[in-house]
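Please work from the sequences and hints to get the whole structure.
Using our numbering, read the sequence shown as starting at 5 and increasing by one per residue.
Careful: at least some of the hints might be erroneous.
Said to hold, decoys possible - Derived pair list, reagent style DMTMM-like, types lysine to aspartate or glutamate, alpha-carbon separation capped at 20 Å:
| # | residue 1 | residue 2 |
| --- | --- | --- |
| 1 | Lys409 | Glu117 |
| 2 | Lys96 | Glu117 |
| 3 | Lys420 | Glu405 |
As the list claims (entries may be wrong) - Label pairs and their computed distance ranges (CB to CB):
| # | residue 1 | residue 2 | range |
| --- | --- | --- | --- |
| 4 | Glu60 | Pro105 | 31 to 37 Å |
| 5 | Arg419 | Val132 | 24 to 30 Å |
| 6 | Glu311 | Lys401 | 51 to 57 Å |
| 7 | Arg231 | Ser198 | 33 to 39 Å |
| 8 | Asn308 | Lys257 | 24 to 30 Å |
| 9 | Asp382 | Arg139 | 19 to 25 Å |
| 10 | Ser198 | Pro166 | 18 to 24 Å |
| 11 | Ser148 | Asn308 | 28 to 34 Å |
| 12 | Glu60 | Arg231 | 15 to 21 Å |
| 13 | Gly226 | Ala446 | 34 to 40 Å |
| 14 | Leu406 | Ser148 | 24 to 30 Å |
| 15 | Tyr445 | Leu252 | 39 to 45 Å |
| 16 | Ser198 | Asp297 | 41 to 47 Å |
Don't read these hints as lab results, they were simulated from the structure. Backbone N, C-alpha and C define an ideal beta-carbon position, used for all residues, glycine too.
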Amino acid sequence: MKIIVVGDGKVGSTLVSQLAQEGHDVTVIDNNPNVLRRSTDTLDVMGVEGNGASYEVQMEAGVNDADLLIAATNADELNILACMLAKKLGAKHTIARVRNPEYTKQLQLMREELGLSMSINPEYSAAVEIGRIIRFPSAITMDSFAKGRVELVEIKIGKGSPLIGKPLYTLGRTYNVKVLICAVQRGSEVIIPSGHFVLEEGDKINITADPKEIEQFFAALGILKQRIRTAIIAGGGRITYYLATILLQMGVKVKIIERDAARCEQLCELVPKATIICGDATDEELLLEEGIDGTDAFAALIDNDEENIIISMYATSMGANKVITKVNRLSFTGIMERAGIDSVISPKFITADLIVRYVRAMQNSLGNNAETLHKIVDNKVEAVEFIVREQAPYLGKSLKELKLKPDLLLASIIRKGRPIVPRGDDTIELGDSVVVVTSTYALKDLSDILA
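Following this line, the structure appears as structure tokens:
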């Protein structure tokens with residue numbers, strides 16, 4: 005597909021990298037020649053210098069025969085204008101990154117008039133992700149499929165865990181639950197396990213199942229944590245606004261620490277039910293005074309990776325029940341893991357995953373669409389949900405009859421709203437949702453699972 009990306013910043017560059025890796029014909033537009041050169045020198049993409057909302061610049065980039073234009077600059081207005089122009093000039097689809105909460109509400113009403121195929125808000129998406137983790141504090145990360153009927157949860161096997169030394173095929177029988185461990189990270193190695201795989205201390209495992217089955221499994225393991233009732237958020241940016249709104253709706257008492265006095269006043273008006281503290285969240289005395297040692301959840305959402313890591317380490321050492329850290333550079337994940345920080349959020353990768361899912365669905369709009377896409381295990385593994393919408397050779401055949409590609413696992417089949425943990429005698433039928441986990445392939449269609 006021919007794709008044009010306007011804006012080569014944090015979100016744009018992540019998108020350009022992922023789309024180029026998937027073999028798309030990508031052109032990136034940016035005002036900064038140095039930023040453009042970085043992308044064109046390291047990736048197989050074209051670069052056009054200039055304003056992405058300019059007629060001449062878009063025409064130079066070839067927008068008139070583009071399949072998709074993605075506007076991902078820091079300016080909402082520029083993104084909307086770029087998409088409107090691109091649609092008029094012949095782009096088949098457009099996606100705008102829109103961060104302002106006021107614009108987000110209006111776009112739901114004006115999407116057709118503006119010619120937008122999709123609008124995306126990285127900060128809101130990140131807040132939803134954090135809210136999901138806080139709702140299930142035993143998990144490191146948590147994603148959902150089939151409108152929440154199936155959860156994908158990551159946990160770490162700690163010292164003394166009853167899972168140590170257990171082959172995977174014994175878990176269902178031992179704990180009387182229907183769960184599937186679909187990916188394991190052991191050190192730097194990523195494994196799509198078979199039933200005979202044996203778990204070890206320190207493994208990070210990804211589990212798929214019905215939410216109630218996961219809760220039952222965690223209770224049997226003795227790792228089911230109590231519901232979060234209090235939360236402290238460091239930083240008062242857009243993610244904090246969205247997250248505070250979500251947590252307050254969940255009945256969580258929220259305290260926000262922000263150093264900018266003017267932003268504190270804004271937050272008092274935006275989220276009046278939250279407690280707003282004007283101060284420096286990196287100040288140890290302030291954190292102690294505000295009860296960091298007794299809070300159920302702590303989220304470090306300052307716009308600085310290093311500060312977020314430091315205060316997260318401090319919150320962990322003080323016994324905060326659940327610590328979530330926002331970072332832009334995944335190169336820090338090793339340091340955080342050694343410091344005991346497991347739940348890490350990166351808005352640019354969440355955004356990129358959502359857009360890549362849309363692109364894959366576009367590629368196969370008449371077949372078995374990629375309905376949901378999540379990158380897990382430090383973006384090394386993909387979990388993709390497909391909906392079976394047409395007849396195919398594999399329908400009705402038992403899974404043991406199908407020859408599947410290596411490094412790939414069917415994690416769940418959802419039939420008439422009921423999740424099924426796949427076994428050899430199960431089949432895929434028309435209308436099913438199928439969740440596939442793979443460490444090797446960029447799956448665009450369910451038929452891609454066959455060897």
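A quick look at each hint next to the structure:
1. Lys409 to Glu117: violated, 44 Å
2. Lys96 to Glu117: holds, 15 Å
3. Lys420 to Glu405: Answer violated: Lys420 to Glu405 is near 23 Å, above 20 Å.
4. Glu60 to Pro105: 31 to 37 Å: holds, 33 Å
5. Arg419 to Val132: 24 to 30 Å: holds, 27 Å
6. Glu311 to Lys401: 51 to 57 Å: The hinted range 51 to 57 Å holds for Glu311 and Lys401, with Cβ atoms some 54 Å apart.
7. Arg231 to Ser198: 33 to 39 Å: holds, 35 Å
8. Asn308 to Lys257: 24 to 30 Å: Holds, since Asn308 and Lys257 (Cβ atoms, about 26 Å apart) stay within the stated range.
9. Asp382 to Arg139: 19 to 25 Å: holds, 23 Å
10. Ser198 to Pro166: 18 to 24 Å: With Cβ atoms ~21 Å apart, the hint holds.
11. Ser148 to Asn308: 28 to 34 Å: Since the Cβ atoms of Ser148 and Asn308 sit about 30 Å apart, the hinted range of 28 to 34 Å holds.
12. Glu60 to Arg231: 15 to 21 Å: Cβ of Glu60 to Cβ of Arg231: about 56 Å, so the range 15 to 21 Å is violated.
13. Gly226 to Ala446: 34 to 40 Å: For Ala446 against Gly226, whose Cβ atoms are near 38 Å apart, the range 34 to 40 Å holds.
14. Leu406 to Ser148: 24 to 30 Å: holds, 26 Å
15. Tyr445 to Leu252: 39 to 45 Å: holds, 41 Å
16. Ser198 to Asp297: 41 to 47 Å: holds, 44 Å
Checked against the numbered hints above, the structure violates hints 1, 3, 12; every other hint is satisfied.
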